[in-house]
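S.K.: Listed in order, the protein sequences are those of chains X and H. Position one of the first sequence corresponds to residue 41 (our numbering), numbered consecutively onward. Position one of the second sequence corresponds to residue 41 (our numbering), numbered consecutively onward.
Just so you know, the hints here were simulated from the structure itself, not pulled from any lab data. Treat the hints loosely; a few may be bogus.
A pair counts as met if it fits within one copy or between any two copies, since identical chains are not told apart.
Unchecked claim - Calculated cross-link-like contacts (lysine to any residue; reagent style SDA-like; alpha-carbon spacing at most 25 Å):
1) K655 to F619
2) K465 to D705
3) K872 to G899
4) K446 to F725
5) K229 to S135
6) K446 to H708
7) K692 to D525
8) K809 to E271
9) K536 to E706
10) K847 to K869
11) K681 to Y530
12) K446 to V704
13) K394 to D436
14) K766 to I265
Below, each chain spelled out in residue letters.
2 protein chains.
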Amino acid sequence: MKEKMVYFFGKDMAEGKADMKNLLGGKGANLSEMALINLPVPPGFTLTTEVCLYYADNNGKYPDNFREQVNENMKKLQQLMKRDFGSNSNPLLVSVRSGAPVSMPGMMDTILNLGLNDGTVKGLASMTGNERFAYDSYRRFIQMYGSVVMKIDHDKFEEILSSIKKKNNVSIDIELNAESFKEIVKLYKELVTKETGMEFPSDVNEQLWGAMEAVFKSWNNERAIEYRRIENIPDNLGTAVNIQAMVYGNLGENSATGVAFTRNPSNGDNHFYGEYLINAQGEDVVAGIRTPQPINESSKMQDEQKTLEELMPEMYNELYSIRTKLENHYKDMQDLEFTIEKGKLWILQTRTGKRTPNAAIKIAVDFVKEKIIDKETAVLRVTPTNIDGMLHPMIDPDEKITVIAKGLPASPGAASGRIVLSAKKAVEKAKNETELILVREETSPEDIAGMNICNGILTARGGMTSHAAVVARGMGKPCVVGCNDIEIDYVKRIIKVNDIIFKDGDIITIDGTTGNVIKGDVKKIKPELKDEFGILMDWTDEFKCLEIRSNADTPVDAEISRKFGAKGIGLCRTEHMFFGDQRILAVREMILADNEKDRKKALDKILPMQKEDFKGIFKVMDGFPVVIRTLDPPLHEFLPKENEQINILAGKMGVTAAKLRSKVDELHESNPMLGNRGCRLGISFPEITAMQVRAIMEAACEISQAGIKVIPEIMIPLVGNVNELKKQKKVVIETAEKVMEEKKINIEYFIGTMIELPRAALTADDIAKEAEFFSFGTNDLTQTTFGFSRDDVGPILETYIEQDIIKKDPFASLDVDGVGKLIKIAVEKGRKSNPQLEIGICGEHGGDPDSIDFFNKNGFDYVSCSPYRIPIARLAAAQSEIMKNKK
Amino acid sequence: MKEKMVYFFGKDMAEGKADMKNLLGGKGANLSEMALINLPVPPGFTLTTEVCLYYADNNGKYPDNFREQVNENMKKLQQLMKRDFGSNSNPLLVSVRSGAPVSMPGMMDTILNLGLNDGTVKGLASMTGNERFAYDSYRRFIQMYGSVVMKIDHDKFEEILSSIKKKNNVSIDIELNAESFKEIVKLYKELVTKETGMEFPSDVNEQLWGAMEAVFKSWNNERAIEYRRIENIPDNLGTAVNIQAMVYGNLGENSATGVAFTRNPSNGDNHFYGEYLINAQGEDVVAGIRTPQPINESSKMQDEQKTLEELMPEMYNELYSIRTKLENHYKDMQDLEFTIEKGKLWILQTRTGKRTPNAAIKIAVDFVKEKIIDKETAVLRVTPTNIDGMLHPMIDPDEKITVIAKGLPASPGAASGRIVLSAKKAVEKAKNETELILVREETSPEDIAGMNICNGILTARGGMTSHAAVVARGMGKPCVVGCNDIEIDYVKRIIKVNDIIFKDGDIITIDGTTGNVIKGDVKKIKPELKDEFGILMDWTDEFKCLEIRSNADTPVDAEISRKFGAKGIGLCRTEHMFFGDQRILAVREMILADNEKDRKKALDKILPMQKEDFKGIFKVMDGFPVVIRTLDPPLHEFLPKENEQINILAGKMGVTAAKLRSKVDELHESNPMLGNRGCRLGISFPEITAMQVRAIMEAACEISQAGIKVIPEIMIPLVGNVNELKKQKKVVIETAEKVMEEKKINIEYFIGTMIELPRAALTADDIAKEAEFFSFGTNDLTQTTFGFSRDDVGPILETYIEQDIIKKDPFASLDVDGVGKLIKIAVEKGRKSNPQLEIGICGEHGGDPDSIDFFNKNGFDYVSCSPYRIPIARLAAAQSEIMKNKK
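Chain X on its own, in the form it takes in the complex:
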């Protein structure tokens, strides 16, 4: 270990600096850095982490020469502060704080106001002119020191405090006067003697060494060890200890305390922004007993307020110059705490300031314009959460909310409205009532119209890739799923949430960003998309390699996608087109058909409708590829299940209910996710694939003849065996060639497949010989790799995350260790046998930043995600590429 064990920081000098975190801890290094750039930090010194480790390894012995170094620095501190440690008239008080190389908030110990005893407290009282404050500080110090250093049960101090409050008939601390605190001090000291058999130490040096020792020891207290285990922090880092002069903003009318941001944290405007209180301590600002004042005009909310700029112009100017210095030094917006003690400005802390999404983007862009940072840094600085916040209304953080239940945050944003318990009802109600929240056990494809009308969707079941979740994300609508606390009684038309009953029509709010379900309406904020958003997004394109496409099934979705910068459609699900009123009937006719002829007749009715959809999409995507997946879901999804509905439908279709019922029974499957769907349908009924390909190619030919560039990519789902793809490919090629001959035009089109089954990944070399592109269906792949049904997995995942069996929902963020391994195998095998293979992903993971990083690192060509995730995907793709190149 180093000879030097104590590092001083103070007026315009410091022995440490920012990059000495390992030796000085995060806090210590930061204090040194602040001092180095001439910020007026209250002086002090840092004991190194090496001392902590030595102390632990040597049974509580300090290294040689350590005491001397501490004493020297303590002397220096007194000189600099012009106060004496232990003086009864002009006492120096210090804080003793832990500070490890890695932040471990609240895990280790801290002692404030150290240096108080029966003598020095009087000095503090006269210095502040506030006896009550002095004795309150004193009793707090005894309480803190008594519990932390002397290991007396904290509750016992609280009991004394309570008894005095009771005796004085008051309910909160602030109502106690100086005399009461004196009495408490006395009782506290008696408690210490009773509990430990020793007097509370009045010697300030004894106090200092006791506190230091306690902080060093706290590195190895139980909760710190457990925290390190969970967070994977090495045990051999040790903690530093910071001893720093206490300063006070409550020493008279020429003292003050405040908090400031170097720029407006709400909107990012380049204005200094902050609040302060004259003659007050930091905690007064927080406690909200006195209303803080704006530091300057631009921070003003009300006209009659007095600004710091007006009251203490000199102090304000010094603060303002520090503001500029901070931004230039830290190259980011800072949040600083300051105290003015008798006309002297102290900066207590500076750190990167929290900001709204809006502000985050504006500040990043402005900093580039002001040449403080480069574009790369700006792109790295904005978080996916920031972007999310820009795209969806959020609950006003100042709102008081009553959370009644929590589910999975399936689609971000907040929405309020009246509870409605069926999608059909929602459509009816929507005639008079516009603010609705659909609450269901789960949703199904038939519910789409109703879902579209509601402000948000809440389901009791399902996971992050359940129907409700996928559809809501596609619509950009807030959604909470898998909310197990909710019991829905469709008959009584109520929902029960942990014994509270809500009726159909009651108002609730859901927060799809957090998963919260909230009682009543709450205020929301919806950021505007300002110019800076577009600028930042353009910058992402300069860095990213991945192309971003969207999962879009309609011309409207396609339009939104282009607005958000999608460079193509990575997944167009044809089945969503089947649910229109007209269409579903034709689809059902097709399903009921007993023979190929009748089936073709029904398909002929669907053909022109599908074709129109494709034309609309192709038109919007002019010049960009459109990946269209052939029919994927099992046919029973298009039929009703309940007898009543079957009877109604049978009437409509002119068949007997028995026939319909028998078809429903025939199509019933024990595990539909593993059943007759995907290409299995197309192989049993090639005429369905043929109809869809005809619709795609007729649309492509016609739109192309209108002068628009069309790039269709036809995608076969659920392939597990190259022979499946071969069979379907034959149908695709035959149909496409025929259509192009009829239309007398040649269009370049591509044929590829989803990789969404483990077997497809494992045999990707064979499959790649027949495919021009792969698109990973990570939802299904996660499902089969884990053996988790995404419709049922909710409660299991909850248990697993709670028990720390898995870290994150694998349906939300790619399971790199399992599913990721399969993907790597597939990419490697696929590219090896077909180097031209285009590789993308169209599962829900395409919009998840961590997953995007994985796809980027593994050589994907594109990710495809729901339209409202596109900006996030663009950002994440750029960040991944920048970080990749930094390594």
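Based on the hints, put chain H in the right spot on chain X.
M.R.: Showing chain H alone in chain X's frame:
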């Protein structure tokens, strides 16, 4: 290519031999071989495959010198046969047959009776004294040559034949006389002229060269090319052509024809066995118009029959000496065709004789005893199908059966009985009626008692690993599943099979070896297990490395398993024990419990029952390991689904029907196979695992104290993540240690896991660190790797196999390319991180020979299969190891 293009074979000499298949084709090499060992084969010669390839590559030109070689050999043939090609008095007739290196039955062309024309036909008539035969041969030759060589539509010949039959008012060929055939010959020749503008060639050499050319060309006809593509036969093999003298068994009373087996093909007895007909051709034996006679006493069925031995003792003795020669040369029982032409014996063909399972085993064992083959060869010679045939009753091959439908052959053997439509009903009916076949849509665990009572099980749904299939195999009971042609109407109590209606109580037969469903009762044969079976089985143990264990859930199963030679239990499913009348109630109480306390109370009731089961099994398996799997199926499997049953049960349990209904609803899952089952249950309710471990360990301790050696292996199902195993392992260890402390005895036990999810295989290195053994659950692994639900896969698989998308049902025989790849990854990773890891497999594939070969080659320690598959597994394991070492 070689100079020599024609290889002669004839009296005691041949230019080729058996190992020249590539040059002479299979048939040619075999004819040479027969000649070489001095069998009296009709002489002839073989044109090499090289000529075929040259001919194809050179636009139908023959190599230089080829014609000369053919002509020379033709001359030699005439001399040897003492007949002249084209002679009107003593004509030589030949056959021209294709014969490729790899058998391609029926794909290429053959011409018989070549050498006939208007002159030679008279010679044949006088030689045979049978004008009708001569002209029938002639018209057949024209028809064959006309269609094969001259490409005249075969139907046109048939039309002429029909018209003549009509004119003569007869319905079959045999009724036509010589005059009619003469007329047909005339009409055929007219047809040839009309169709080709040419006369039918009367020049016998022109006939010969035309036929040779046609056979060479047929190598590249469409169906042969397609056949090679499907069977993966290289296109560059070419076919040989065999030209061989025709001999006739119908040239008088000193001529005969017959078929013989060197040993009895029904029971394997070491007696020469065969049939013959005097003055007849081979086809007369087959056509069944005359009844063939026994060749000797030991072939006699009726007393009054005249044997060949009696009638032609010299011929018989020659044949008998050939019998011995054949067995010594081919070292297997042979099936030979012979013809006696005017007192001269000819052997037309010899090949390995087909035999019953019984005979196969006896012959293999006898051959070893007679020192003709070694044990290794004997083990390789018996097929798994032979073994299967020994263990289950089979339909008598002589029975005429009416197959009414076909399903999947889920459990081998044939069974007949009256249809019963519910398991419960079966139990009732069984009081009076013992022969029952249970017919259901599908079965469920509640049906076990009923299944056990019936002779066989037939289901309309499900695949090779559906509940019915697995349970039936376990019981050794015939079972056909996934029989889609069956519609069951439980209300009307009928089943409809392709519009035929069967009533409850009607008799049907199912054949679980073929998947056939048969109308009425049929005669069955049930081979006895003779000594040879045991001898052969013991030999397998000398060669195999794999250990064979059984899937057994009861002491009875365990007993059967030991009888068949299992060396342990590889899978004991605890849940099957839950379905007893007493038990299921306690299980349901446990499921309905709202809290841990109530749950434990219910579990306490189950504990002693489970413990007794384990004691019984441990007792039987003395000294052998028993792998016990903790609870696996989803809890809803233990509850009824229909309202009526729910009401009854609620009454029994003293809870409201609403509460029970609500629990059923709560447990409902969209895809139960991917739902809350396996270790997921044990993690949610560790008390269930604890109860099971307690039952296992208490049983183990008590049995062990009784002096029996117990080796329990506790297996955690459905692990996908090492943390799941860690959690469950903790419960197992804690409980086991506690029990052993209570019982004051220490028992070595092992903890391992199923590998049945792709994620488990992919992260096997992590999992192996916590596991002492892996057991591959290939049923579930196949399910998730393919994304096939085994309960729903029936119709999909049917389509896929029909369309040649997959070759075999992957639930019956391991999918080596996909699932196999995962298994290889898991074995490699698992062994790498834990070299002591024991690796086994307990899926249904453990009893499939091809799969066993895969497991053996990939270093498994054991396979575990249902009790009745054990002998097959032993044989397959030995065969795999022998073949591995041969390479």
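S.K.: Starting from the hint list further up, note which numbers the structure goes against and sort them upward.
M.R.: Of the numbered hints, just 7 does not hold.
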